[in-house]
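Put together the whole structure using the sequences plus the hints.
Each protein sequence line maps, in turn, to chains A and B. Letter by letter, the first sequence follows residues 1 to 134 of our numbering. Letter by letter, the second sequence follows residues 135 to 540 of our numbering.
Please keep in mind that the hints were generated in silico from the structure rather than gathered at the bench. A virtual CB, placed ideally from N, CA and C, is assigned to each residue, including glycine. Careful, some of the hints might be misleading.
[Said to hold, decoys possible] Have a look at the derived ranges for each label pair, beta carbon to beta carbon: (1) Glu158/B - Asp119/A: 39 to 47 Å; (2) Arg4/A - Arg448/B: 33 to 41 Å; (3) Gly101/A - Pro226/B: 26 to 34 Å; (4) Gly127/A - His399/B: 37 to 45 Å.
[Said to hold, decoys possible] If we take Cβ atoms under 7 Å as the criterion, some of the chain B residues that face chain A in the derived model are: (5) Ile191; (6) Asp192; (7) Ala374; (8) Pro514.
[Claimed, not checked] When the alpha-carbon atoms are kept at most 20 Å apart in a straight line, the in silico EDC-like pairs for lysine to aspartate or glutamate are as follows: (9) Lys155/B - Glu97/A; (10) Lys155/B - Glu241/B; (11) Lys344/B - Asp126/A; (12) Lys344/B - Asp110/A; (13) Lys344/B - Asp113/A; (14) Lys155/B - Asp199/B; (15) Lys344/B - Asp29/A; (16) Lys131/A - Glu12/A; (17) Lys131/A - Asp113/A; (18) Lys48/A - Asp29/A; (19) Lys344/B - Asp360/B; (20) Lys344/B - Asp42/A.
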Amino acid sequence: MIVRPLVAGRAEGELLLLSRPLSLWGGLDPEDGRITETTHPDVGRCVKGRLLAMEEARGSSSSASILVEAARCGTAPAAIILMRPDPILTIGSIVAELLYGVSIPIALVDARDWPQLRDAAWIMLDGGRLKAGG
Amino acid sequence: MRLAPIDRELLGGLHGPAAQKAMEILQTYGAVMGAEEFIAIESAHIDGCLYHGPSTIDFVRLFVDLGGRVRVPTTLNVAAVDTTHPSLHCGPPEFIPAQEETTALHEQLGCVATLTCAPYQRIFRPRLGEHVAWAESNAIVFVNSVLGARTDRYGDFIDLCAALTGRVPCAGLHLDANRQPALLIDIAPPRQARDLYFAAAGYALGEACKGRIAYIRGLPSDATEDELKGMGAAAASSGAVAMFHAEGLTPEARLWGGVIADLPHEPIGAERLDAAIAILCPLERGERVAAMCLGTPHFSFAEFVSLAALVDGRRAHPECGVFVSTSREIAEQIENSPMWGALSGFGVQLIVDTCTYLAPVVAQSGAIVTNSGKYAHYGPTHLQRRVGLMSMDRCVRCAEHGAVTP
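Structural data, given as structure tokens:
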């Protein structure tokens, strides 16, 4: 499918599709990459090296710092896939590259294509193109 | 993006290498945001001064090493620890020097170390229509909604880049079209204490908005600034709410009266408010209460007046802590006011520079009670503790008994 790259880049890996938006700040432990928000349905799952997909980001503007800290610790997701653009995660991705040379591409998937992610386990993202596999 | 002469000067390094680097980041960011040009800002509020780990220091030091200096008045949001009361800190000890270094590096750039999430209730108050670059979710929603100044949803890092250049991409909530409501909400009137009502309303609003700006009808017409502050903070926590319009209460609401009839409509009835309270208060009667924590966002002078009237002549249980977070400026004012007798007599401990859901200060085991929807939402995860949302009135009763009481 065609996606809109907010931060361009290449990534390939396992898809982690969240059933609800997550605030990285207060919701992710950058030391091990695990989701810690106790009321989140995906609590305990690990974002490290995965392509993290959620319809939108949520919560505090400190989420950018958590993404950069995760990049420093080597626990960041390989890429982030969203339905609605998010400036906070975008800036986190830009700074992760600037300070630590870690690339975390961010891509926007159209609402019509979003349901295709539900059946996917493996994702290949390359700039404006995304390939989802079972 | 179209560049004004000042943008070319900044990018060309005429205003120093720190402003140049910051402008390069803003240019990348602006392109992602789909902005066509940059605009000038009047002030900046930095959330990136909260120590999250070594990357916090790495980023600010980059600009200090380049000789950076902010180009607009710039305030700092809260820190990760109250360094004026180090003995109360129960978190990792290395956070104290790390936070001191983070704050000092920002001061070297010319930021004012206000260390508060509510600078808008003091002299740093943006005016209607003014463009600013403010970070921290409660400050963003307050500035846009209650004051009618314009900030986009800035995060850490971009806030400092804006301060170092005085420029931001003209995108998001800086543009008229993006401040238009996309959802009409009719909310039920309060059946509970007012502070509890506004906390629950905020939580339900965040859940309903799903990234959209709401036009809200039905809030009490005498809603105070502090009540809207609490509602906005809760809405920003439960959903990424950066702006709302409240009929008869917020300055830009009157601009949109003509379009609301065509908007999708969603009621927030009394049962939905009750459900929000049930989620945010899972405590059981008789459960041990370790602390009462208020001031998320930072307590205003008016909120201290209400608390003082409530606790006058009463005393908290000796095993129950009473923590109220506020700014250094208001703390000093309170400690020198006649109401300090009632507050300190009850056992109030003022916490400055930070907030008790970020900085662990509660040593005893047990639950925490609060009247803040934001605290009740984030507290359980951050502090790994049970937290209960309730009215300030009931918080005080629980603190007196050291246990959850009706």
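Here's how the hints hold up against the structure:
1. The supplied range of 39 to 47 Å is met by Glu158/B and Asp119/A, whose beta-carbon atoms lie about 40 Å from each other.
2. Restraint check, Arg4/A to Arg448/B: a C-beta distance of roughly 58 Å breaks the suggested window 33 to 41 Å.
3. With their beta carbons about 27 Å apart, Gly101/A and Pro226/B fall inside the hinted range of 26 to 34 Å.
4. Roughly 40 Å separates the CB atoms of Gly127/A and His399/B, a value that falls within the hinted 37 to 45 Å.
5. Evaluation of the Ile191/B hint against chain A yields a violated restraint, the C-beta minimum of about 11 Å exceeding 7 Å.
6. Given hint, Asp192/B at the interface with chain A, holds; its Cβ is 5 Å from that chain's nearest Cβ, closer than 7 Å.
7. The criterion of a C-beta within 7 Å of any C-beta in chain A is met by Ala374/B, whose closest approach is roughly 5 Å, and the hint holds.
8. Interface hint at Pro514/B: satisfied, since its Cβ lies 5 Å from the closest Cβ of chain A, which is below the 7 Å cut-off.
9. About 14 Å separates the Cα atoms of Lys155/B and Glu97/A, which keeps this hinted pair within 20 Å; it holds.
10. At roughly 19 Å between alpha-carbon atoms, Lys155/B and Glu241/B fall within 20 Å of each other, so this suggested pair holds.
11. Annotation: proposed proximity of Lys344/B to Asp126/A is violated, straight-line Cα distance about 28 Å (limit 20 Å).
12. For the suggested pair Lys344/B and Asp110/A, the alpha carbons sit about 16 Å apart, so the restraint of at most 20 Å is met.
13. For the suggested pair Lys344/B and Asp113/A, the alpha carbons sit about 19 Å apart, so the restraint of at most 20 Å is met.
14. Only pairs whose Cα atoms come within 20 Å are accepted, and Lys155/B paired with Asp199/B is accepted, the gap being roughly 12 Å.
15. Under the criterion of a C-alpha separation no larger than 20 Å, the hint pairing Lys344/B with Asp29/A is inconsistent with the structure, at around 24 Å.
16. As the CA atoms of Lys131/A and Glu12/A are separated by approximately 9 Å, the hinted pair is consistent with the 20 Å bound.
17. Simply put, Lys131/A and Asp113/A have alpha-carbon atoms about 12 Å apart, close enough for the 20 Å limit, and the pair holds.
18. As the CA atoms of Lys48/A and Asp29/A are separated by approximately 11 Å, the hinted pair is consistent with the 20 Å bound.
19. Restraint check for Lys344/B and Asp360/B: not satisfied, since their Cα atoms lie roughly 24 Å apart, outside the 20 Å limit.
20. Only pairs whose Cα atoms come within 20 Å are accepted, and Lys344/B paired with Asp42/A is accepted, the gap being roughly 19 Å.
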